[in-house]
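One letter stands for each residue in the lines below.
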Amino acid sequence: MYQIIGKKNLGEGINLYNISAPDIALKAQPGQFIILRVNKNGERIPITIANSDKKDKTITILVQTLGKTTHLLSELNVGESLADLVGPLGVPTEIKKFGTVVCIGGGFGTAAIYPIAKAMKAEGNHVISIIGARSKELLLMEDEMKAASNEVFAATNDGSCGTKGIVTDVLRNLIYDKKILINRVIAIGPVIMMKAVSDLTKEKSIKTIVSLNPIMIDGTGMCGACRVLVGNKTKFACVDGPDFDGHLVDFDNLMNRLKFYKEEEKTSYDCHMKAHHNLTA
Amino acid sequence: MDTKERLKINKHIMPCQPPAVRSGNFKEVPYGYTAEEAVEEAKRCIQCKRPYCIEGCPVNINIPAFIKLIEEGDFLGAAKKIKETNSLPAVCGRVCPQEDQCEKVCTVGKRKDTPSVAIGNLERFAADYEAKYGDIHIEINHKKDKKIAVVGGGPAGLTVAGDLCKMGYSVSIYEALHEIGGVLMYGIPEFRLPKEILSRELKVLEDMGVNVFTNEVIGKTFNVDELLNERGYGAVFIGTGAGTPKFLNIPGEELNGIYSANEFLTRVNLMRAYNKSEYDTPIKCGKTLVVFGAGNTAMDAVRTALRLGYQDSRIFYRRSRNEMTARIEEVHHAEEEGIKFEFLINPIRFIGDENHNVTAVECERMELGEPDESGRRRPIPIKGSEFITKIDAAVIAIGTNVNPIVPSSTPGLNLNKRGYITADENTGKTSKKGVFAGGDIVTGAATVILAMGAGKKAAVAIDKYLETGVW
Chain A
-9 MYQIIGKKNL GEGINLYNIS APDIALKAQP GQFIILRVNK NGERIPITIA
41 NSDKKDKTIT ILVQTLGKTT HLLSELNVGE SLADLVGPLG VPTEIKKFGT
91 VVCIGGGFGT AAIYPIAKAM KAEGNHVISI IGARSKELLL MEDEMKAASN
141 EVFAATNDGS CGTKGIVTDV LRNLIYDKKI LINRVIAIGP VIMMKAVSDL
191 TKEKSIKTIV SLNPIMIDGT GMCGACRVLV GNKTKFACVD GPDFDGHLVD
241 FDNLMNRLKF YKEEEKTSYD CHMKAHHNLT A
Chain B
22 MDTKERLKIN KHIMPCQPPA VRSGNFKEVP YGYTAEEAVE EAKRCIQCKR
72 PYCIEGCPVN INIPAFIKLI EEGDFLGAAK KIKETNSLPA VCGRVCPQED
122 QCEKVCTVGK RKDTPSVAIG NLERFAADYE AKYGDIHIEI NHKKDKKIAV
172 VGGGPAGLTV AGDLCKMGYS VSIYEALHEI GGVLMYGIPE FRLPKEILSR
222 ELKVLEDMGV NVFTNEVIGK TFNVDELLNE RGYGAVFIGT GAGTPKFLNI
272 PGEELNGIYS ANEFLTRVNL MRAYNKSEYD TPIKCGKTLV VFGAGNTAMD
322 AVRTALRLGY QDSRIFYRRS RNEMTARIEE VHHAEEEGIK FEFLINPIRF
372 IGDENHNVTA VECERMELGE PDESGRRRPI PIKGSEFITK IDAAVIAIGT
422 NVNPIVPSST PGLNLNKRGY ITADENTGKT SKKGVFAGGD IVTGAATVIL
472 AMGAGKKAAV AIDKYLETGV W
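Protein sequences appear in the order of chains A and B.
Sequential numbering of the first sequence, starting at -9, is according to our numbering.
Sequential numbering of the second sequence, starting at 22, is according to our numbering.
Read the hints as simulated data drawn from the structure, not as lab findings.
Check before you lean on any hint, since a few could be wrong.
[Said to hold, decoys possible] Keeping only pairs whose Cα atoms sit at most 20 Å apart, straight-line, the calculated DMTMM-like set for lysine to aspartate or glutamate is:
| # | chain 1 | residue 1 | chain 2 | residue 2 |
| --- | --- | --- | --- | --- |
| 1 | B | 305 | A | 46 |
| 2 | B | 297 | A | 46 |
| 3 | A | 47 | B | 251 |
| 4 | A | 47 | B | 247 |
| 5 | A | 249 | B | 413 |
| 6 | B | 454 | B | 484 |
| 7 | B | 308 | A | 46 |
| 8 | B | 305 | A | 253 |
| 9 | A | 30 | B | 413 |
| 10 | B | 308 | A | 254 |
| 11 | A | 249 | B | 484 |
| 12 | A | -2 | A | 46 |
| 13 | A | 44 | B | 247 |
| 14 | A | 30 | B | 217 |
| 15 | B | 89 | A | 253 |
| 16 | A | 223 | B | 217 |
| 17 | A | 225 | B | 274 |
| 18 | A | 264 | B | 299 |
| 19 | A | 252 | B | 275 |
Turn these sequences into a full structure, and let the hints steer you where they fit.
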């Protein structure tokens, strides 16, 4: 069960995994996520599905090593299995013909935006994708995004690829300089990026969907840990989302809630790495 | 021994860990009866001609019969007798509100000077004895060729699965979480229902042949129609439980440190956050924690907080002591442990610091007015009574709303006004052919044993439906 079929290091501690998950692969739709546990004493972590292959019965996820759980995951190799994998969870992204759709993937969020861009294009939209990273080497899934979009723009902080700057610089250029009529924007990435995109599109009332990534436990609506404020109403990201109208989301609240266990996460990671180094030394 | 003599025997109170000791650990509170104590307590049963206790039990355990077996020293026989109708006796002996069921209608207890026979304690004793010394083989009828899918591995689903398996059906439980047990696993704390005891009873079900599929969210991974049409199940039972937590909808509720009871308990129970050295899911600790609500879940949360190290763990309830819905025993245990109960208090807003962590709650005092739709006197705010209490964390334990996943993914399923599934009280039949439902997803949040009772009735109805084909 839940065996790792393929694994690829994409740099910066980011790994791509293909995992055998027949039931999930068959059902997964763009925008949905899974929850996994690496081992029997582990925590449950939500991760967006980057791709699903109905034929191979696998799903693809990208995971960046940030703490103990993701480090444990990074140590798993092809042939090894996860303790638990459940999904597809959440409401799929609304895919229909809107016209011109801008898909924005910031850093790691590119993995999540990819299946959405692909589906939007298949639906007949003109898909303009903007992918951002600190530098060229860190841009993810560039080729896949090119195939999934009609146009792709890159933004890098150091200017090593595409526009020197951030994804909103590209978006601003599309809206204000090129005066492209955009019917919908979908932005997935760091909270601060989704907030900046939403602030920008609000000026022109361009409907903007963001995918939220709060702390979750069960992922099925039971615990309420993932509650977010949308239009001043409490919503559960796991069953009401993870997609929400970016113009209504209280991003500051989300950022604050994501910080709650930082201290515990750090202690846990340090402790784990210390033991890990002792073991490997 | 004649009835007169029996009535002279004093009730055997179950010995417990002393409050000062147990408030610092997660071990079970009562120790359980010794064999001698159990036999003595069993002698208090007068073996009524009309045993009201059986009617008072939602799963109709033959109570006088198993108690007689205990009296005779046939403890394994007693356990076997209970298991004829109840697959989870060690669980029920611990978490059932017996004082509202079997023990409420006990003839002995109806007399002025004699308390009811301690039926729950005796059930627990028999189940624990069997786990330690016995190996009851449950007779499984010849295999029937029909399959049943049970959605949700909580009390209702486990009962349906156990009963239908005993009838000879092939039964599969689909569970959304990584462990079955439902609220018994994620909700009820270790000190009330040790996981080891729960796992033991769950294992009996698996040994009987019940198939368990964890990590399957019906409505997401598959839906009910697929179970019926593509996966070849003759019937589906939906027992997905209570659902999404209710919040107070007051300012500041999104601050860090404010949990739903479900989140707080799930972290500690299912994810074992209390065992920091071995498990990875975190939980914070501080000094003062307030639980809003006064049901059993609130008691579980507040006593869990105390054990985590919140020395000042309190209940704030907007009604008075008389309206609390928690079991008397739980309230009693909580008070013994030093939990403070404050009544007629309603929260107005939470206050946080610059890091977005909760630091205080502002409340107002209430007085009781006329009875409301629940029959309980409605609390009304007293003007100008606002006050601020410093807190490090808060738990909201005011109930749940329906979980939308199964209802919204199952066309043809009628729902009531509140969104719960409409099902026949006596059979669990829903508006959709072949689909039965029971437990909290039908009634809204209730008790473990009521869900089990619903499961029991549904199992009979499912058998009848599959035998006759008549809906």
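Notebook entry, point to check: Hints broken by the structure, by number, lowest first?
Noted result: 1, 2, 7, 9, 11, 15 and 16
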